[in-house]
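Number of protein chains: 2
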Amino acid sequence: MKTKVDYTLYLVTDRELMSTKTLEEAVEQAIMGGCTLVQLREKTASSREFYQTALNIKAITDKYKVPLIINDRVDIALAIDADGVHVGQSDLPATIVRKIIGKDKILGVSAGCAEKAIEAQREGADYIGVGALFSTSTKTDAKSVSKETLIKIVKEVSIPVVGIGGINEQNVAQLKNTGIDGIAVVSAIIAQKDIKLSAEKMLEIFVEKA
Amino acid sequence: MKTKVDYTLYLVTDRELMSTKTLEEAVEQAIMGGCTLVQLREKTASSREFYQTALNIKAITDKYKVPLIINDRVDIALAIDADGVHVGQSDLPATIVRKIIGKDKILGVSAGCAEKAIEAQREGADYIGVGALFSTSTKTDAKSVSKETLIKIVKEVSIPVVGIGGINEQNVAQLKNTGIDGIAVVSAIIAQKDIKLSAEKMLEIFVEKA
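Respectively, the protein sequence lines represent chains A and B.
When you read off a place in the first sequence, starting at 1, and then add 148, the result is the number in the working numbering.
When you read off a place in the second sequence, starting at 1, and then add 148, the result is the number in the working numbering.
So that you can see chain A by itself, here it is in the shape it has in the complex (with noise of 0.2 Å):
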């Protein structure tokens, strides 16, 4: 059965965004602040690396129950028995990957305008992660999207809606009222100094604002 999902808080990791922490000891702080979904990201690490790290990470979120996803590489998500897959427009296709990973495992997708978030929804997608929504430095390929394409895009697809890119504690009030399911962040939490607290203030931040 497909893990229920709540996505309010989303940890993209960045492994490169880190100094003194571990990848592990990031995401436990993390999700002791709150983070109610986790997104592996590896795009240097060789398949071997990428599968340890994923199995690393899996009995922190199985501790504590939070849904792990990983991003692009379908075949880790299978390896490592992950709860899902996110792929974005460089990566495979929806409706292949839809059929690879069954009706069972949620499917994440990327999309930048109304029109393919639709088309993502109806090749199977669970849920569309949106952005950049701000200007960002971890993801220099990702176009910039509006908060009226974002409402636009909430308004026209009946799956959760997750906004991404440069989300940070000054800028997520401006997520207010656009009907978003969640937002998926990476250096704001990832790359502080306290993760924990950093999780918690959006957190706080984003519920009460949202």
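Since the hints were derived computationally from the structure, they do not count as laboratory data.
Relax, there's no trap hidden among the hints.
Since the list gives no way to pick out one identical chain from another, each pair is judged satisfied if it fits inside one copy or across any two copies.
The calculated DSBU-like cross-link candidates involving lysine-lysine, where the alpha carbons are at most 30 Å apart (straight line), are:
| no. | residue 1 | residue 2 |
| --- | --- | --- |
| 1 | Lys150 | Lys344 |
| 2 | Lys251 | Lys150 |
| 3 | Lys264 | Lys251 |
| 4 | Lys206 | Lys191 |
| 5 | Lys344 | Lys152 |
| 6 | Lys213 | Lys247 |
| 7 | Lys349 | Lys169 |
| 8 | Lys150 | Lys300 |
| 9 | Lys295 | Lys264 |
| 10 | Lys211 | Lys247 |
| 11 | Lys247 | Lys152 |
Using the hints, position chain B against chain A.
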């Protein structure tokens, strides 16, 4: 059912060695020259690019009824319904790959010593790739394997063994009487001006001399 495989002349692709031809043209000419098996290896492509290339190459291998093996990426192999996957020591573990692909797909595993080869056979490999037999510029992370070790591996496993690494027209005769089932060739075919002729020559020397 598992595809019946002739390992005699195993083409392994390397896009970076290509000059004037497209990868599709190169693979077709190599098959016309006698290659019996094709492994698609893409180390820098996005998942979407790898998928598209794999679909294009599969159209050619299907046309000539030559099996297509995908290097490393189990998800790409599943996405295009390739005949199998080849994994090295930096890729997903063989036991995990076998679980994901099922019993009917071909699983190739790289091994540099008898111990690893025996382990790979036990873990479900259909064939072993052994190398680098000669010095090579195309795979800088591969350690060199002596002729003695190659012969030892052939004796100690019951599945087919394919030699790889720097094999060319000048040195292929040295693999005479090693008992290997085939030679995996990269640059000595794909980087040559006349790919078809190069494949024909390699095949002629190997079949005559081995």
